[in-house]
Structures are given as structure tokens and as C-alpha cells.
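**Student:** Letter by letter, the chains look like this.
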Amino acid sequence: MKVTIDNITIEVEPGTTILQAARKIGPEVAPPAMCYYEPLKASGGKCRACLVKVTAGSEKDPRPMPKLVPSCITQVQDGMIVENTVNEQVLETRKGIVEFLLLNHPLDCPICDQAGECHLQDFSFQHGVQQTRYEEERRTFEKQDLGPNIQLHMTRCILCYRCVFTADQITGKRVHGVLNRGDHAEISTYIEKAIDNDFSGNVIDVCPVGALTDKTYRFKNRVWFTKPVDAHCDCEKCSGKVTLWYRGDEVIRVTARKNQWGEVLEFICNTCRFERKNTSDWTIEGPTKVARHSVISANKYGANKIVPEFARRLAASQYKDVHEGRDTSQLNIKQLPEERFKQLIPPAGESAVAGIRSIQNWAEDK
Amino acid sequence: MTTERPKILTDKTHIPGIETFDVYRKNGGYSAVEKALKTMTPDEVVEEVKKSGVRGRGGAGFPMGMKWSFLAKPEGVPRYLVCNGDESEPGTFKDHWLMKTIPHLLIEGMIVSSYALGANTSYIYVRGELMYVVRILEKAIAEAKAAGFLGKNILGSGYDLELYVQPGGGAYICGEETALLESLEGKRGNPRNKPPFPAVKGLYQCPTVVNNVESIATTSWIVNNGGDAYAAIGIGRSTGTKLISASGHLKKPGVYEIPLGLPVQEFIYSDEWCGGIRDGHHLKAVVAGGSSVPILPAAMLLKTANGEDRLMSYESLSDGGFATGTMMGSGGFIAMDETACVVKNTWNFSRFYHHESCGQCSPCREGTGWMEKVLHRIEHGHGSMHDIDLLVDVAKKIEGNTICPLGDAAAWPVASAIRHFRDEFEWHITHPQEATRPGAIFKGHMELV
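If you're matching them up, the sequences are chains X and U in order.
Numbering that gives the first Met the number 0 numbers the first residue of the first sequence as 0 and each following residue consecutively.
Numbering that gives the first Met the number 0 numbers the first residue of the second sequence as 0 and each following residue consecutively.
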């Protein structure tokens with residue numbers, strides 16, 4: 000089956016969704032997903048962040064689809080043509096979705112444990128606008144404890160239902176769900192009872208925001224100060240494959256391993272997550288691969304030598320704007336004064352110089 | 000003076016005691032069941048309904064015969080018919096009236112329709128607030144069962160049907176067909192993503208048809224008199240009759256059965272129908288099909304953009320798109336005279352959608368609340384000019400981007416009110432003291448009829 004996403008054609012299996020096909024091509028064209036979570040059955044279709052435009056339904060029926068479609072649950076057809084990042088309507092709608100998701104979000108990133116690995120942060124940074132038009136009061140909730148190790152801070156929740164599907168998947172009974180409706184809806188366990196299950200901790204990992212947090216890790220550290228390390232142990236309940244988060248010599252957090260889309264590879268048990276916090280409990284495999292642009296890799300592994308992708312892109316786009324309408328055909332990019340580049344990124348020691356070099360390289364490649 | 004109007008649903012409703020089985024049967028009731036089960040095959044019934052061209056009366060106006068023909072029929076899998084009686088649209092009260100007045104008409108339609116679709120178990124999902132209607136229907140079902148029209152081997156034809164009434168939980172969203180199915184399954188009433196459509200995977204993941212009360216009640220007449228006779232009533236692709244629940248500043252509000260194609264002017268002003276606007280007042284605006292459809296100023300409602308008379312039909316009401324038209328919707332006809340405040344009305348509708356949004360998808364969950372709060376501010380004299388454009392933009396961001404039509408339903412009234420009554424919004428912002436005074440009437444440039 001052939002599908003074309005943003006002018007890139009790829010061969011996929013029947014039954015693949017647009018989102019999965021786009022992820023196969025790469026992160027540049029993959030639509031963002033706030034509620035879709037591949038390991039969780041029935042997830043997706045709710046946040047509308049991944050809406051894309053289908054300009055041709057299939058080879059047989061090349062009519063465009065009238066509305067934007069959620070790419071995470073729409074299966075590809077042979078010869079389908081999809082527009083994601085190249086479609087103005089899609090990008091405009093996505094801006095709207097960011098705005099909607101942030102309406103009732105407290106934006107307390109400075110004190111939120113999820114900051115740095117928060118999907119909503121990434122999403123709004125990449126697709127949102129810098130200002131809000133919302134002047135009204137935001138909804139707030141009291142914090143709740145779901146058992147001894149998990150805290151629910153409903154105010155931050157974006158109602159992606161991922162934790163609900165996780166709870167459905169790990170327990171036979173419906174112990175965790177959504178109460179009320181509309182913007183006053185809240186996730187909750189059955190009359191504030193704990194989710195009494197050995198795998199309940201996984202709701203922390205699937206939460207895209209800081210609504211469900213690990214009480215053994217709360218306020219201990221910022222994620223970008225910690226070093227993630229892959230490790231495993233012989234666990235009788237789960238696969239034992241985890242990521243340890245070190246601060247100095249101390250394991251301050253244990254999470255499941257995640258792929259590049261932030262999806263858990265294998266669910267881990269609560270014993271591994273909350274109780275095994277000594278290096279001696281684990282066999283270390285090596286440093287966790289962290290995406291280069293992620294804030295987690297900042298200050299580590301020589302990452303300070305690398306300018307984050309976004310700054311480069313921002314600088315490059317501004318660089319282009321400056322020369323719009325001017326005849327640049329005779330212009331040799333190497334001869335441009337270095338001051339021009341210095342304006343683009345605030346100078347901060349060596350890394351700024353490295354950044355400028357990388358922009359120069361980038362511009363030359365172009 | 001009045002010509003003989005075709006009556007399909009209301010021809011027996013004036014008979015005292017029609018809600019009981021005996022009176023209904025004596026007056027020709029259940030003849031459609033006899034005719035269908037004894038002389039027709041299920042496919043023949045479907046064919047008659049197709050020929051009739053009857054369109055779904057719940058709001059979308061999708062041809063019912065076509066919907067029936069989409070029903071998947073895999074071997075060994077039960078099929079279901081579900082009647083949507085969760086009428087909660089503000090301004091619409093026709094199904095409620097029909098179910099309580101003549102419950103057997105619906106049950107007769109359910110039997111005929113279930114037979115046509117090959118369903119052996121069917122459900123009537125009734126709005127939760129209407130518990131007394133649930134009891135009326137349950138009593139009627141018991142009577143029909145005792146008379147052999149329900150249960151095993153109906154009238155010796157070998158066809159079995161069990162009919163159940165399910166009261167809803169009291170949520171507007173459960174009137175959306177997939178949310179209704181979720182609710183019927185005992186889950187939280189969240190709409191499902193489509194596809195798969197209910198015709199393929201509906202109730203309990205089996206093929207299901209969901210139809211409105213009025214649509215199903217119509218089928219017994221179609222079986223008795225034939226699809227062609229039904230198609231002869233009405234105009235163009237809007238065939239048959241439609242129940243209109245007229246409310247607002249009319250002399251005679253109520254439920255009327257109109258032949259489709261009736262001029263709007265006649266419907267409002269003729270003594271046969273609503274009898275005009277209450278004395279001393281003039282028509283300012285109309286919401287023609289329940290709160291979800293765009294509001295129209297009086298002049299635009301009575302005449303289309305081409306200057307033709309607007310008719311009560313699916314095509315004529317939507318003539319001109321959303322720029323100058325509206326929709327037939329579910330037939331909740333709300334008329335407002337010049338004392339009505341469009342801003343307040345829009346805020347009220349918005350408040351309703353904010354309260355009823357299921358909270359599943361983000362544009363609707365957050366957007367409805369936002370619009371409500373902004374409208375509340377404008378209505379109470381704290382608005383600013385950019386709020387109007389903000390509302391238009393938010394409505395645009397919601398529309399078409401949600402799982403179910405509730406997002407559209409919340410966005411359209413706001414967008415249309417601003418499109419047609421922008422002056423009034425601006426007046427609320429520029430003259431807050433005047434506008435928030437009790438009984439304030441906007442005296443802008445506006446054509447009253």
C-alpha cells in the first residue's frame with residue numbers, strides 16, 4: 000500500500016494508520032499526538048492534535064476528505080495523499096488545539112515535575128502561539144492521592160484518557176475512569192480508592208503532562224539535571240527493563256523505557272518503580288538514548304556543544320526573512336558579517352560560537 | 000378555508016384514549032404490522048421506505064431508506080434497531096409529545112422497522128428526564144405483547160421481536176447516535192470515532208440502525224399506504240410531513256404536523272398554524288430547527304437571497320448556505336420578537352453546550368466553556384470589541400474539528416448570531432449600562448417583519 004505524506008511516498012502494510020505511516024517516515028512529518036498511545040488499545044482520536052488533511056482518499060476514489068481527519072485512528076488507503084506540515088489549515092487548526100489545551104492548564108511548569116519531558120510543553124512549543132487570548136478564570140481541583148505512591152493533580156490534566164485505558168488494561172474491573180463531563184470532567188478512581196494493582200505505577204509514565212506524578216520523586220529534582228541509564232533486573236512480575244534516573248550516585252527515579260515518541264516499551268511493576276532505588280538492585284546496560292533536541296540531554300554527554308534544533312531553525316528562518324525581497328544571488332554567505340549571526344542567537348560563551356558555525360554550515364548546505 | 004392537510008402522524012391523536020391498545024387497535028392500529036409480516040418480505044418493506052424518500056427526522060436529514068440499506072448483514076451476528084428518543088435539543092419537543100400521546104404508533108413502527116432490518120431485539124432509548132414517558136411506553140409494550148404483536152412468533156409469521164425501553168442518564172450528548180449506543184451498553188456516553196459507523200459496528204459491536212422517534216413512527220403509514228403515496232406529499236427531495244415544535248413569541252405555540260414545502264410565512268402567520276407573532280410585536284429572528292442551527296433575522300428567513308419565498312423544507316431552509324440560510328434540523332422552531340436579546344439568547348445556548356459537552360475532545364471541551372464565558376461577559380456589560388472577533392475565531396476553530404456534531408452545534412449559533420446581529424453585540428459593548436438594564440430593547444437598524 001502506498002501512501003504519500005507531505006510529498007514523501009512510503010510503502011506500508013494494510014491497516015496502518017496515517018500517524019504510524021508518518022512516524023515511519025520520520026519525526027519531521029509525524030503529527031503530534033497528545034492522547035494516542037500505541038501500546039494502549041482504543042486510545043486516540045480525542046485530543047485532535049494530530050488532525051491532518053487528506054487531499055486524496057485513495058487511488059480508486061481520489062476525492063479529498065471534507066474535514067480534517069484524526070491521523071491516529073484513520074487507516075491509510077492505497078494511493079492516499081496526506082498533507083500535514085505543508086497544509087496551512089492543518090497548522091492553523093493545530094495552533095487552535097494548543098490554545099484549547101492550554102486554556103485550563105495552569106502553566107505551572109516552573110514547579111511541575113513533568114517539565115522537560117512534558118508532551119504538552121513540546122507540543123505548545125512547536126505548534127502554539129506565544130500569547131494567550133484567554134482572560135477568564137481557569138478551573139482548579141484539589142490534589143488527590145491515588146494510593147501511597149501516585150498523586151493526581153487534576154488541574155494539569157488534559158483528559159487524554161491514557162491512564163483510563165491503562166487501568167482498563169491492567170485490571171479486570173473498571174476502577175479508574177472519568178467523572179462529570181465537559182471542562183469540569185475529572186479523572187478519578189472509584190470513590191477515591193487506590194488503584195490496587197502491581198502495575199498501577201504505569202499511569203505515571205503514560206500521562207503526557209504532570210497530572211499523575213510519582214510521589215517518591217516529587218520535587219526531588221529537575222529532569223534535565225538527572226542522567227538516564229538503561230538497566231535491568233530479574234523481576235518475577237515484569238520484564239525488569241527500566242530506565243534509572245541518576246542524580247550523582249543516587250537513583251532518584253525509576254521509569255519504564257520509552258521509545259522516541261514517548262511511548263512505554265514494556266510496562267513495569269510497582270516494585271521496580273517505587274522500591275528498587277539502589278544501584279545494587281540493577282544491572283546497568285548503558286546510557287539511555289535521548290533525542291538530541293531534548294532538554295534532558297542538555298549539559299550532558301557534550302551536548303552543550305550542540306545547538307538545539309529549534310534555535311537553529313528559528314535563526315535560519317529569521318535569516319531568510321531579513322533577505323526577503325533583496326537580490327541575494329550575488330551574496331556569498333561566508334562574507335556576511337559575523338555580527339549578523341550574533342544577533343540571531345544571544346551569545347553565551349562557547350556554545351553560541353558553535354551555534355553560529357552550525358548555522359553557517361546549515362546555510363551552506365542549503 | 001383550510002384545505003385538507005395530509006396527516007400521517009397526527010391523524011389519530013385527537014381520539015380520546017388513543018394511548019391504550021384497544022382504542023388504537025379499533026382505529027386501525029397495527030394494520031401495518033399485519034400487512035408487513037403477512038404479505039411482505041423484509042426487503043419489500045425496505046424498498047417501500049426507500050421509495051418514500053423519508054429523511055431522518057432527528058436533525059441531519061439523511062435519507063432513511065439509504066441508512067437502512069447500509070446496514071451490514073454478516074451471518075450469525077445479531078442486528079439491532081435502536082430508536083433515539085433522547086430528544087434534548089432546546090426548542091424541540093415533538094418526540095416527547097408523540098411518545099406520550101400515541102405510544103402505540105411508535106411501537107407499531109418499531110415492529111415494522113425491526114422486521115425490515117431483521118432485528119430480533121430493539122431498543123427505545125428515552126430521555127432520562129421523561130420517566131413518565133418510559134412508563135407509558137412500557138405499559139404500551141406490555142399491552143402489545145399480550146395481544147401477540149411482540150414476543151415470539153408474532154402473528155404466526157415466525158418472526159420474533161423483543162422491545163425494550165431504556166431511560167437515558169440525562170445527558171444531551173446521548174442523543175448523538177454513537178454516544179447513545181455507548182450509554183445503552185452501560186458505559187459513559189462518549190461519542191465514538193467514526194468510522195466504523197453503527198451500520199457496521201454499533202451496539203455491542205453488531206450492525207445497528209439508529210433512527211429518530213418520528214422517523215420510525217412514519218414507517219407504519221408508509222407500509223400501509225406505500226412509499227409512492229408518501230413521496231407524493233411534500234416538495235422535491237423533502238417528502239412527507241414533519242412535526243414542528245413551534246415555540247417563542249408566537250400566538251399559538253405547539254407541535255404541528257406540516258406538509259414539507261409549506262411557506263414559512265404561512266406557517267408563522269396563518270391561523271391554521273402558529274397564528275402570527277403575539278399582539279403588538281414584530282418578528283425579529285428565528286431559530287428554525289432547534290438551538291444548534293444558525294439563527295436567522297426575520298427578513299432572511301421569510302425570503303431567500305434570491306427573493307423567493309422560503310419554504311419549510313430541507314433544501315429551502317438551507318438555501319444560501321450559512322451566509323443567508325439555516326437548516327431544518329430537528330424542527331424546533333423558536334421565534335423571537337423585538338424584545339428578545341440575541342446576545343442573551345446566544346449566551347444561553349452557549350451555556351447549554353458548555354454544560355453538555357462530554358469533555359472527550361479538546362476543541363469542544365475547552366472551546367464551549369470559553370465561548371460561554373466571553374458571551375457572559377458581553378451580556379453583562381464587560382465585553383470589549385475584540386471579544387466579538389475572538390468568538391468568531393474560537394467558533395471557527397471548533398467547527399469541524401470534533402468527534403461528534405456537538406462541536407458544530409455549539410459553534411454555529413455563536414457564529415451565526417455574530418454574522419447577522421453584530422450591531423447588537425457591539426451595542427452591548429459600547430452601551431453596557433443601557434444594554435444590561437432589565438427589559439432593554441435594542442433599537443438598531445434592523446428589519447422587523
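These are calculated hints, taken from the structure and not from any lab test.
Be careful, since some hints might not be right.
Cut-off 25 Å, straight-line C-alpha distance, at most; resulting in silico cross-link-like pairs (DSS-like, lysine-lysine) [to be verified]:
id, chain 1, residue 1, chain 2, residue 2
1, X, Lys94, U, Lys442
2, U, Lys395, U, Lys442
3, X, Lys59, X, Lys40
4, X, Lys94, U, Lys395
5, X, Lys59, U, Lys193
6, U, Lys138, U, Lys99
7, U, Lys251, U, Lys11
8, U, Lys186, U, Lys250
9, X, Lys59, U, Lys442
10, U, Lys251, X, Lys52
11, U, Lys37, U, Lys49
12, U, Lys66, U, Lys25
13, U, Lys395, U, Lys193
14, U, Lys138, X, Lys66
15, U, Lys250, U, Lys343
16, U, Lys25, U, Lys200
17, U, Lys442, U, Lys302
18, U, Lys25, U, Lys11
19, X, Lys214, X, Lys236
20, X, Lys172, U, Lys66
21, U, Lys186, X, Lys52
22, X, Lys66, U, Lys66
23, X, Lys40, U, Lys395
24, X, Lys40, U, Lys343
25, X, Lys66, U, Lys49
26, U, Lys151, U, Lys138
27, U, Lys34, U, Lys49
28, U, Lys442, X, Lys40
29, U, Lys250, U, Lys49
30, U, Lys302, X, Lys94
31, X, Lys66, U, Lys250
32, U, Lys186, X, Lys1
33, X, Lys219, X, Lys240
34, X, Lys172, X, Lys94
35, U, Lys200, X, Lys172
36, X, Lys23, X, Lys276
37, U, Lys200, U, Lys343
**Student:** List, from low to high, the hint numbers that the structure doesn't satisfy.
**Tutor:** Of the numbered hints, 1, 2, 3, 8, 9, 10, 12, 14, 16, 20, 21, 23, 24, 25, 28, 29, 30, 31, 32, 34, 36, 37 do not hold.
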